[in-house]
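Mind docking chain B on chain A? Use the hints.
Protein chains: 2
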Amino acid sequence: MNADAFKTYPDQVKIYELGARDGLQAEKKILTVEEKVSWINGLTSCGYQAIEVGSLVNTKLIPQMVDTDKVFLSIDRKPECQYFVLVGNKKYLHTALDIGVRNISLMGSASNLFSLENTHITLSESLTKIGEMLRVCKENNIYTRVYVSCCYDCPYQGAIDNKEVIDVIDRLMQLGCDELSLADTTGKATIIQVEHLLEASMKIVPLEKLAVHFHNTYSQAMVNTLVSLQMGVNKVDSSVGELGGCPYAKNPLVSPEHQGNLGTEALLFMLHGLNINTGVSSEKVREMKQYAFNALNRTN
Amino acid sequence: MNADAFKTYPDQVKIYELGARDGLQAEKKILTVEEKVSWINGLTSCGYQAIEVGSLVNTKLIPQMVDTDKVFLSIDRKPECQYFVLVGNKKYLHTALDIGVRNISLMGSASNLFSLENTHITLSESLTKIGEMLRVCKENNIYTRVYVSCCYDCPYQGAIDNKEVIDVIDRLMQLGCDELSLADTTGKATIIQVEHLLEASMKIVPLEKLAVHFHNTYSQAMVNTLVSLQMGVNKVDSSVGELGGCPYAKNPLVSPEHQGNLGTEALLFMLHGLNINTGVSSEKVREMKQYAFNALNRTN
Numbered sequence: 001m002n003a004d005a006f007k008t009y010p011d012q013v014k015i016y017e018l019g020a021r022d023g024l025q026a027e028k029k030i031l032t033v034e035e036k037v038s039w040i041n042g043l044t045s046c047g048y049q050a051i052e053v054g055s056l057v058n059t060k061l062i063p064q065m066v067d068t069d070k071v072f073l074s075i076d077r078k079p080e081c082q083y084f085v086l087v088g089n090k091k092y093l094h095t096a097l098d099i100g101v102r103n104i105s106l107m108g109s110a111s112n113l114f115s116l117e118n119t120h121i122t123l124s125e126s127l128t129k130i131g132e133m134l135r136v137c138k139e140n141n142i143y144t145r146v147y148v149s150c151c152y153d154c155p156y157q158g159a160i161d162n163k164e165v166i167d168v169i170d171r172l173m174q175l176g177c178d179e180l181s182l183a184d185t186t187g188k189a190t191i192i193q194v195e196h197l198l199e200a201s202m203k204i205v206p207l208e209k210l211a212v213h214f215h216n217t218y219s220q221a222m223v224n225t226l227v228s229l230q231m232g233v234n235k236v237d238s239s240v241g242e243l244g245g246c247p248y249a250k251n252p253l254v255s256p257e258h259q260g261n262l263g264t265e266a267l268l269f270m271l272h273g274l275n276i277n278t279g280v281s282s283e284k285v286r287e288m289k290q291y292a293f294n295a296l297n298r299t300n
Numbered sequence: 001m002n003a004d005a006f007k008t009y010p011d012q013v014k015i016y017e018l019g020a021r022d023g024l025q026a027e028k029k030i031l032t033v034e035e036k037v038s039w040i041n042g043l044t045s046c047g048y049q050a051i052e053v054g055s056l057v058n059t060k061l062i063p064q065m066v067d068t069d070k071v072f073l074s075i076d077r078k079p080e081c082q083y084f085v086l087v088g089n090k091k092y093l094h095t096a097l098d099i100g101v102r103n104i105s106l107m108g109s110a111s112n113l114f115s116l117e118n119t120h121i122t123l124s125e126s127l128t129k130i131g132e133m134l135r136v137c138k139e140n141n142i143y144t145r146v147y148v149s150c151c152y153d154c155p156y157q158g159a160i161d162n163k164e165v166i167d168v169i170d171r172l173m174q175l176g177c178d179e180l181s182l183a184d185t186t187g188k189a190t191i192i193q194v195e196h197l198l199e200a201s202m203k204i205v206p207l208e209k210l211a212v213h214f215h216n217t218y219s220q221a222m223v224n225t226l227v228s229l230q231m232g233v234n235k236v237d238s239s240v241g242e243l244g245g246c247p248y249a250k251n252p253l254v255s256p257e258h259q260g261n262l263g264t265e266a267l268l269f270m271l272h273g274l275n276i277n278t279g280v281s282s283e284k285v286r287e288m289k290q291y292a293f294n295a296l297n298r299t300n
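Sequence order for the protein chains is A and B.
Per the numbering used here: the first sequence = residues 1 to 300.
Per the numbering used here: the second sequence = residues 1 to 300.
Bound-form chain A, shown alone:
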């Protein structure tokens, strides 16, 4: 048996429930405001400390995210939970501020081609725009979270070099974001890649500002999360029922076994089995999965 066989883990992990944003945006069926509100209220009752409730973006491109403002205004918000809204640009940021959103997510990328394909601006231009939005957020005392998509691999560019990712992370930290979520958009990250990126990131990002976000396209989300925990990471993104995954990752270069995010149920089973405290009820999460699957007409 190896000397270091018994690993150490964080005592506590904060789960970011992304089902209502990253999850729903990948679904064909569009839920009504009432369905979304009822579901998100159910998610709140699960005990999460962070829930992303939707995005303010171009709903011609992402029609599932219609009425995010109404949803945000209608949900019961508990003080012990952060309710994030992802905003697509400065105009939507102001909408978010107008309706009282206090936690804002922004979408960044470590891949220039991904940026060009999805937002029609270069990576460098995208960082400038993110910087402007972070400044507005700071002025308004808003907590900010930036997703760094394509941290390992890009559907358009292929493998992404660690150095490029670290440059983006470094820039985002300088721009003053409160936390980063390092995302494996295509689900192709290997354990070694995750270890190397986290090792490099931890040199420039304090642990409390670092989250991980894994897609389960090649069934690697759980093991990549596990090695992240073993390295000390204590913020993990997941989605009830594995809903979601990146729609843009459906590219001829990628031939996914599954589509989907790390599932919250599987994550909770692992974390609670490791005696890691999450504050989230597995049983209620299973009910909320069933609620969503019924509303979306999905089967197990």
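Quick caveat, the hints were computed from the structure, so don't treat them as lab data.
Each hint should be verified, as a subset may be incorrect.
Intra- or inter-copy, both count: the list cannot distinguish identical chains.
When the alpha-carbon atoms are kept at most 20 Å apart in a straight line, the in silico SDA-like pairs for lysine to any residue are as follows [to be verified]:
#  : residue 1 : residue 2
1  : Lys129    : Leu116
2  : Lys70     : Glu195
3  : Lys78     : Lys284
4  : Lys284    : Ile30
5  : Lys138    : Thr8
6  : Lys7      : Ser282
7  : Lys7      : Glu195
8  : Lys90     : Thr128
9  : Lys29     : Asp67
10 : Lys29     : Tyr92
11 : Lys284    : Ala159
12 : Lys209    : Ala50
13 : Lys163    : Phe293
14 : Lys7      : Leu274
15 : Lys7      : Glu199
16 : Lys209    : Asp178
17 : Lys138    : Met173
Just chain B now, kept in the frame of chain A:
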């Protein structure tokens, strides 16, 4: 970052491909001898060192395993691969010997109720019968592998105490089996349970005689395999396309998210990403998954 963040792993892992036995026995559709033979020949071409080709058991109970003798006699057998046949009792063992099987699997259990429910004999009686079969195998210079089902949890008995499992493992080693596969029949094993059982097992079982077998019922198969590797285990059971899982684990006590074995594709992605040598081609395995899914009329 934790001091022990970078883990050590085995240089090489031997994969036991169980799709043609554990996999097919869980499927409604029964493949023809020709389909099975063609598939298993394809599996051989993937580069496995061990393939379980079927079982000789009561085919009134498990009709999918009809014609295992014909299948075994018809496949192309390469000397670098062990072709296992699971046998249900002494009568079937002699059938196996008669047709020239050189690698025999036997089904044991760490749960008395599981033994009673599935074989209508007590755990103790079952170990006596296994002992008799192991003796016959030894006399005939046959390599033997025993599955210890319900190492963590039993669909009938609930949680299984480590001590009970270790007693069974100890007895099986004394009875002279060549290797053991520690099976998580219900898929409920937690990482801590796996670490504790492996730690205890490694005190009485040499590493080269120890394999792990995880079901993905609660999406824990990959992480449990990963911690097993981190502890030095280098023999892993898996099944192309996640086919299989224990049909007897479908019990009111168990409410599975998925049914299925650890999938070979996911396992290979992880192992090769860790630079662990398997000798198995991921690309050919994907083809063989497609072959099986087509033959079984299954979709992805």
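Quick rundown of the hints versus the structure:
For a Cα distance limit of 20 Å, the shortest separation of Lys129 from Leu116 inside one copy, 14 Å, qualifies, whereas the shortest one across copies, 67 Å, does not. For the identical chains of this complex, Lys70 and Glu195 are neighbours neither inside a copy (40 Å) nor across copies (48 Å), given an alpha-carbon limit of 20 Å. Taking the closest pair of Cα atoms, Lys78 and Lys284 come within 20 Å of each other only inside a single copy of the chain (17 Å); across copies the shortest separation is 51 Å, beyond that limit. In this assembly of identical chains, Lys284 and Ile30 lie within 20 Å of each other by CA distance neither inside one copy nor across copies; the values are 23 Å within and 39 Å between.
When the C-alpha separation of Lys138 and Thr8 is checked against a cutoff of 20 Å, the pair qualifies neither within a copy, at 35 Å, nor between copies, at 43 Å. When the C-alpha separation of Lys7 and Ser282 is checked against a cutoff of 20 Å, the pair qualifies neither within a copy, at 24 Å, nor between copies, at 30 Å. Taking identical chains as interchangeable, the C-alpha atoms of Lys7 and Glu195 lie at most 20 Å apart whether they share a chain (15 Å) or sit on different chains (10 Å). In this assembly of identical chains, Lys90 and Thr128 lie within 20 Å of each other by CA distance solely inside one copy; the values are 12 Å within and 74 Å between copies.
For the homomeric pair Lys29 and Asp67, the shortest alpha-carbon distance inside one copy (14 Å) is at most 20 Å, but the shortest distance between copies (46 Å) is not. Taking the shortest Cα distances, Lys29 and Tyr92 never come within 20 Å of each other, neither inside one copy (23 Å) nor across copies (53 Å). In this assembly of identical chains, Lys284 and Ala159 lie within 20 Å of each other by CA distance neither inside one copy nor across copies; the values are 38 Å within and 23 Å between. Proximity of Lys209 and Ala50 under a CA criterion of 20 Å is satisfied intra-copy only: 14 Å inside one chain copy versus 46 Å between copies.
Proximity of Lys163 to Phe293 under the C-alpha cut-off of 20 Å is found in neither arrangement, the shortest distances being 40 Å within a copy and 41 Å between copies. In this assembly of identical chains, the alpha carbons of Lys7 and Leu274 lie at most 20 Å apart whether taken from the same copy (10 Å) or from different copies (18 Å). For the homomeric pair Lys7 and Glu199, the shortest alpha-carbon distances inside one copy (17 Å) and between copies (13 Å) are both at most 20 Å. Taking the shortest alpha-carbon separations for Lys209 and Asp178, only the intra-copy value of 6 Å comes in at or below 20 Å, while the best inter-copy value is 50 Å.
For the homomeric pair Lys138 and Met173, the shortest alpha-carbon distance inside one copy (13 Å) is at most 20 Å, but the shortest distance between copies (65 Å) is not.
Against the hints set out earlier in the document, violations occur for numbers 2, 4, 5, 6, 10, 11 and 13.
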